[in-house]
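Asks: Residue numbers (this note's numbering), protein chains in the order written: chain S, 1 to 174; chain D, 1001 to 1465.
Simulated from the structure, these hints should not be mistaken for laboratory data.
Honestly, I wouldn't trust all of these hints.
[To be verified] With the Cβ distance kept under 7 Å, some of the chain S side facing chain D (calculated, not the full set): (1) Phe35; (2) Pro37; (3) Ile73; (4) Pro94; (5) Asp95; (6) Glu102; (7) Tyr123; (8) Phe129.
Glycine included, every Cβ here is placed at the ideal spot set by N, Cα and C.
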Amino acid sequence: MSSKSYLLGKFWHPDHVMDALRQLRDMGVKAQDVFGPFPIHEIEPLLDIKRTRLTVAAFCYGALGALTAITMISLIYGAIWPMNIGGKPFLPFPDYVPITFEMTVLFAAHGTILTFFIVSEYYPGKKEFLMDDRQTDDVFVIAIDKDKVAASAISDVNGVFTKTGAFEVTEKEV
Amino acid sequence: MSHHESPIRQQWVQNTDYYTQITEDVCRPIEAKPNLKWLAAFGLSFLVLCLFVGAVAWTIWEGIGAWGLNKTVGWAFDITNFVFWVGIGHAGTLISAVLLLFRQAWRNSINRATEAMTIFAVICAGMFPIIHMGRPWLGLWFLPMPNTRGSLWVNFNSPLLWDVFAISTYFSVSLVFWYLGMMPDFGALRDRLRKKGQKIAAKIFATLAFGWDGSMRTWSRYEIITLILAGLATPLVLSVHSIVSMDFATAVIPGWHTTIFPPYFVAGAIFSGFGMVQTLLIIQRAVYKHENYITMDHMESIAKIVIATGSLVGLAYMTEFFIAWYSGSIWERYTFVNRAFGPLGWSYWIMFSCNVITPQLFWFRKIRTNMFITFIISIFINIGMWFERFVIIVTSLHRDFLPSSWSMYTPTWVEASILIGSFGLFFTFYFLFAKYLPTINMFEVKAILKNPKQPKHTMEETVNN
Chain S
1 MSSKSYLLGK FWHPDHVMDA LRQLRDMGVK AQDVFGPFPI HEIEPLLDIK
51 RTRLTVAAFC YGALGALTAI TMISLIYGAI WPMNIGGKPF LPFPDYVPIT
101 FEMTVLFAAH GTILTFFIVS EYYPGKKEFL MDDRQTDDVF VIAIDKDKVA
151 ASAISDVNGV FTKTGAFEVT EKEV
Chain D
1001 MSHHESPIRQ QWVQNTDYYT QITEDVCRPI EAKPNLKWLA AFGLSFLVLC
1051 LFVGAVAWTI WEGIGAWGLN KTVGWAFDIT NFVFWVGIGH AGTLISAVLL
1101 LFRQAWRNSI NRATEAMTIF AVICAGMFPI IHMGRPWLGL WFLPMPNTRG
1151 SLWVNFNSPL LWDVFAISTY FSVSLVFWYL GMMPDFGALR DRLRKKGQKI
1201 AAKIFATLAF GWDGSMRTWS RYEIITLILA GLATPLVLSV HSIVSMDFAT
1251 AVIPGWHTTI FPPYFVAGAI FSGFGMVQTL LIIQRAVYKH ENYITMDHME
1301 SIAKIVIATG SLVGLAYMTE FFIAWYSGSI WERYTFVNRA FGPLGWSYWI
1351 MFSCNVITPQ LFWFRKIRTN MFITFIISIF INIGMWFERF VIIVTSLHRD
1401 FLPSSWSMYT PTWVEASILI GSFGLFFTFY FLFAKYLPTI NMFEVKAILK
1451 NPKQPKHTME ETVNN
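Just chain S, with the same shape it has in the complex (with noise of 0.2 Å):
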């Protein structure tokens, strides 16, 4: 997203933020990103944005995790170094149950955020895409690819933007 042109309208209203990208999307304007200081419920659909996969990676991890203890214990408890306690069984799966399953959490949690961080793109040290050094506060920015608009519209997306409820509205080069 570097040496790029963004039209900037800035909100303090998540409500307005809404207004404002129905009315783009019904212009057929799509907006790059919105920023904003917490999550706007419902915002999905008006950016694109699909549903993540991260529920379908956690499954995965956790399953490996599962599987890891599995063998793990069987391996060790089974075959390398059976312990006869008492005389009772070599593989006995009620008792691996503790530790499959924490095994289990264990794997999916850090699976995840791994790949949560991953795919977001962060780091520690990165830089921040910052519109508005006001964003992680309480300002809204809606961020539209210059390249992406008709030179034409690009008065109409600022009217939109003003409508709707922009204190202001800008163009920034990132």
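On the provided structure of chain S, position chain D as indicated by the hints.
Replies: Just chain D now, kept in the frame of chain S:
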């Protein structure tokens, strides 16, 4: 998100008109220089932590013989402290995960502090199994890894090993959950401190924020991952204390060998955790003037959970007694009679009155809304829940099957110092958190603010345009 203001429902954020006011209120203590009160509180905690370090060092130097244990009472303060601190560590994840799944908006302003409490309590808890080994450098024997000790593997049948997996999973998952929750707030702090010219602090928060920019694409994923983590952490909370209870329940000792233990321990853990939550939040809302975010309704909701869990714990105490009688086992019967009326009976009655009788006072609204009395009750709950573990562990052990091996237990100064010192460890961490990290989840509180007003800075710009 709805901005409709219900006339009958409580407002979880009060006297707040602007989103930035929330940022301001939460960030102010972080930006200010440490004041004398904080330095005094932190200094005292640090001194108590030094007592902990000294007593632990003495234990390791001298050996477990420095404690008051004997052949009959092989576990006492060590595991009592362990279970006590793990219990405290249960409220944070309950608030952040379970209440999130139940869509309880009141969790939003208290989840950060209680999650911090969880992390620090689990750190305290984790110390005790290691210390009580006497030779903590052999703690790695608990890890299932190929080794040169004649391929000596851990015992997967043992609940003590399940504990290792449960506590470490709980700690690491709670830690990342807490960190993930703070990332948006780190971003807010970064931008705010940069504007204020505090470059070093801004740089630190920029690193911690991982480049957080508040993009709705990220927010969308972020909300899903929070739900996934909540879904994973909810059964995790229940599993951890269930597994801790199995340390006892899978033994054959009368007083330990009971199937009621897992739910009884989980209820007790939530009860004690909420007791500590009350203690900490009452201080926080008074010192930081956070009454607009941690409102009286919040404190009342917490008190109601304390009534519910306290009553569950009371029910469990009585059920235990009934089952001991109903089982027909003479050892079981004796253990319970001895527990209440034997030489350590005083500890049973401290436990019973603190945990069962005191929280019932919360049925009265006047008491629920009186922060001074609530604070006192919360201290009683903390004391009572420590004694619960003491009662379970020591009274069950000190008079077992053979009267010839009956014994008494008296703690030494070393054990007492470790117990007191563990509070130093907890509060040292907690005071550092309260000073240098956002104690309230800013973005979640902003999301539930009803009818915000237009910020003044935006009005000026509108005029300029």
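Asks: Each hint should be assessed against the structure and marked as holding or not.
Replies: Right, here's what the structure says about each hint:
Hint status for Phe35 of chain S relative to chain D: holds, with the closest Cβ pair at about 5 Å, below 7 Å. Checking Pro37 of chain S against chain D: minimum C-beta separation of about 6 Å stays under 7 Å; hint holds. Taking 7 Å as the C-beta cut-off, the interface hint given for Ile73 of chain S holds, the closest approach to chain D being about 5 Å. For Pro94 of chain S, the interface hint is violated, the least distance from its beta-carbon to any beta-carbon of chain D being 10 Å, above 7 Å.
Hint status for Asp95 of chain S relative to chain D: holds, with the closest Cβ pair at about 5 Å, below 7 Å. Among the interface hints, the one on Glu102 of chain S holds; its C-beta lies about 4 Å from the nearest C-beta in chain D, closer than the 7 Å criterion. Nearest Cβ of chain D to the Cβ of Tyr123 of chain S: about 6 Å, under the 7 Å cut. The hint holds. A least Cβ separation of about 4 Å between Phe129 of chain S and chain D falls short of the 7 Å threshold, and the interface hint therefore holds.
Going through the hint list in order, the structure does not satisfy hint 4, though it satisfies all others.
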